[in-house]
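K.L.:
Okay, here's what each chain looks like letter by letter:
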Amino acid sequence: MFPKCELPSGPKFLEIDAVDRVFPTPQGPYVALQGIDLTIEPGEFICAIGHSGCGKSTLLNIVAGLDRASAGGVILEGKEVRGPGPDRMVVFQNHSLLPWLTVRQNIALGVNRVFAHLPKGERRQIVDEHIDMVHLRPAADKYPRELSGGMKQRVGIARALALRPKLLLLDEPFGALDALTRGRLQEQLMEICNHHQISAMMVTHDVDEALLLSDRIVMLTNGPAARIGQILTVDLPRPRERLTVVNHPAYYRMRGELVDFLNRQKARKQLQLARAKGLVRQRENLEKTTLDLGFIPLTDCAPLASPWKRVFFADQGLDVNLVRGTGWGRSPKI
Amino acid sequence: MNKGLALQIWESLRRVAIGYTLAAVVGIGGGIAIGTNKLLFRACDPFFQILRTIPPLAWLPIALAAFRQVEPSSIFVIFVTAVWPVLINTAVGVQEVPQDYRNVARVLQLPRLQYFWTILLPSAAPYIFTGMRIAVGLSWLAIVAAEMLTGGVGIGFFIWDSYNSSRMSDLIVALIYVGVVGFVLDKAIYYLGKAVVQSDGT
Numbered sequence: 001m002f003p004k005c006e007l008p009s010g011p012k013f014l015e016i017d018a019v020d021r022v023f024p025t026p027q028g029p030y031v032a033l034q035g036i037d038l039t040i041e042p043g044e045f046i047c048a049i050g051h052s053g054c055g056k057s058t059l060l061n062i063v064a065g066l067d068r069a070s071a072g073g074v075i076l077e078g079k080e081v082r083g084p085g086p087d088r089m090v091v092f093q094n095h096s097l098l099p100w101l102t103v104r105q106n107i108a109l110g111v112n113r114v115f116a117h118l119p120k121g122e123r124r125q126i127v128d129e130h131i132d133m134v135h136l137r138p139a140a141d142k143y144p145r146e147l148s149g150g151m152k153q154r155v156g157i158a159r160a161l162a163l164r165p166k167l168l169l170l171d172e173p174f175g176a177l178d179a180l181t182r183g184r185l186q187e188q189l190m191e192i193c194n195h196h197q198i199s200a201m202m203v204t205h206d207v208d209e210a211l212l213l214s215d216r217i218v219m220l221t222n223g224p225a226a227r228i229g230q231i232l233t234v235d236l237p238r239p240r241e242r243l244t245v246v247n248h249p250a251y252y253r254m255r256g257e258l259v260d261f262l263n264r265q266k267a268r269k270q271l272q273l274a275r276a277k278g279l280v281r282q283r284e285n286l287e288k289t290t291l292d293l294g295f296i297p298l299t300d301c302a303p304l305a306s307p308w309k310r311v312f313f314a315d316q317g318l319d320v321n322l323v324r325g326t327g328w329g330r331s332p333k334i
Numbered sequence: 335m336n337k338g339l340a341l342q343i344w345e346s347l348r349r350v351a352i353g354y355t356l357a358a359v360v361g362i363g364g365g366i367a368i369g370t371n372k373l374l375f376r377a378c379d380p381f382f383q384i385l386r387t388i389p390p391l392a393w394l395p396i397a398l399a400a401f402r403q404v405e406p407s408s409i410f411v412i413f414v415t416a417v418w419p420v421l422i423n424t425a426v427g428v429q430e431v432p433q434d435y436r437n438v439a440r441v442l443q444l445p446r447l448q449y450f451w452t453i454l455l456p457s458a459a460p461y462i463f464t465g466m467r468i469a470v471g472l473s474w475l476a477i478v479a480a481e482m483l484t485g486g487v488g489i490g491f492f493i494w495d496s497y498n499s500s501r502m503s504d505l506i507v508a509l510i511y512v513g514v515v516g517f518v519l520d521k522a523i524y525y526l527g528k529a530v531v532q533s534d535g536t
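Quick note, the sequences are listed as chains A and B, same order. Using the working numbering, you'd call the opening residue of the first sequence number 1 and step up by one each time. Using the working numbering, you'd call the opening residue of the second sequence number 335 and step up by one each time.
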């Protein structure tokens, strides 16, 4: 028998390959993302989660083509992403509806562009269908300023879905909404995605939202040089419901994993900040700066002796004397 | 001096209308051009900043010397008064198209012409109308002063003529007329803008 070896598979649906993003700043280059690798299967719903400013929106923008990776690249169905396009339609954080167009016109703008080859009646039908999908028929001819925040975001989702994108990108779409509206929209989005087998990538910082919607959750470490810290596969059975999903035995284990990751990132960030401010400089707090450290010759004294030889202790402001001992017993000198 | 006050005002309004329309057309067109082209903007902006501070009446002698007629000269003064606010506001409005709307256009891959009509122009419209409202007020200020100097017909000349013939009551009535007309012009542009511009109301 020959050992089984994995054949190189065909092109993946979406491949994010070793993406770096470096922003030039007056203080020198700032590395926002470093070495992001991720593949997304067709029909999969991926959430990227992380603290604010960790670069998750930057990652989404790179996939959308609105931003370019400094190194690496994104490949969608075997083709490199070189710019934005309606096949990767974005639901923007602040809905980004055009205020001078009605709901119908906002949706039709993209539909007329993407389905220019279809007759007028059919395009109108697509628009109507998607207005109904988000239950906005009564508001179809209203202007965005006449709608509530949740309704605007629903229009944003309808506008994106009407173009039948290969990949739907959502940039914290429910961040600015109240809890009730958010929950309702999450359910609607989930239903639409399940029903139409939509592949999606969403950025969020809401742990429960991520668990409810995703097949996999990508956890990003804090910037600078954010990378993928962990990937959590959410194997909760579908269809899920917001109120019953929490009763699944695995739910709180996964939730705990996410929260724990985020907390660790936060703690790391605080430590870094504290270090930068010079708060964690132990030697100021030491009562003694002159230390006598005992060692026994020819045994394990190297960890002490070599830094001492190289004046590392002195560099840290510590005055260390190495005291030769004779046995493991308490040295009288110390 | 055989024309009534209404005819005098009509004459002034006609000049303002011509000069102002020209200024709006040139201002909006030029503003869009320099607003969309960074290099052009940086090349032209210093000149505009200097030119716009020249008082309207300072243009009158040079206009008279060039045109040798009262009518085109006063229209030119109106034009040169009104064009700067429109031009500069339009340029700023075009530059300030929010990144969100630009992103929408980029994702939808809107062609340039459609981008211009559906995104750029509506987004810059509030700025354009602000510029036009400032411009209409300035034009009305300028025409009265210009007509005092050029003579002939117009409300400005009427005021000066009333002063010279010591008709104080005419003078006061004319001032009230000038004020009311200026107010109406300003409000007209304001309501026009309100009717045309669809803002997001936030």
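What the hints contain is simulated information worked out from the structure, not anything from laboratory work. Treat the hints with care, since some could be wrong.
Short derived list, chain B residues pointing at chain A, Cβ under 7 Å [claimed, not checked]:
| no. | residue |
| --- | --- |
| 1 | Glu430 |
| 2 | Asn437 |
| 3 | Val438 |
| 4 | Arg440 |
The following label-pair restraints were derived from C-beta to C-beta distances [said to hold, decoys possible]:
| no. | chain 1 | residue 1 | chain 2 | residue 2 | range |
| --- | --- | --- | --- | --- | --- |
| 5 | A | Asp141 | B | Leu447 | 40 to 50 Å |
| 6 | A | Lys120 | B | Arg446 | 15 to 25 Å |
| 7 | B | Val530 | A | Lys120 | 25 to 35 Å |
Facing chain B, according to a computed beta carbon distance under 7 Å, are these residues of chain A, among others [stated by the list, open to error]:
| no. | residue |
| --- | --- |
| 8 | Pro26 |
| 9 | Arg104 |
| 10 | Phe115 |
Don't be surprised by glycine CBs; every beta carbon is placed ideally from N, CA and C.
K.L.:
It remains to establish, for every hint, whether it holds in the given structure.
P.N.:
Hints versus structure:
At its closest, the beta carbon of glutamate 430 of chain B sits 14 Å from a beta carbon of chain A; the interface hint therefore is violated under the 7 Å criterion. Hint on asparagine 437 of chain B holds. Least Cβ distance to chain A is approximately 6 Å, under the 7 Å limit. Look at valine 438 of chain B: its Cβ gets to within about 5 Å of chain A, closer than 7 Å, so that hint holds up. Annotation: arginine 440 of chain B was flagged as interfacial toward chain A, and the flag holds, the nearest CB pair being 4 Å apart, inside 7 Å.
Take aspartate 141 of chain A and leucine 447 of chain B: their Cβ atoms lie about 26 Å apart, and the range 40 to 50 Å is violated. Under the hint 15 to 25 Å, the C-beta atoms of lysine 120 of chain A and arginine 446 of chain B, about 23 Å apart, fit the expected range. Distance hint check for valine 530 of chain B and lysine 120 of chain A: the Cβ-Cβ separation is about 27 Å, which falls inside the suggested range of 25 to 35 Å. With 7 Å as the threshold, the beta carbon of proline 26 of chain A stays out of range of chain B, its nearest partner Cβ sitting at about 21 Å, so the hint is violated.
Taken as an interface hint, arginine 104 of chain A does not check out: its beta carbon lies about 14 Å from the nearest beta carbon of chain B, beyond 7 Å. This hint is violated: phenylalanine 115 of chain A has a C-beta 12 Å from the nearest C-beta of chain B, more than the 7 Å allowed.
The structure fails to meet hints 1, 5, 8, 9, 10 from the earlier list, while all remaining hints are met.
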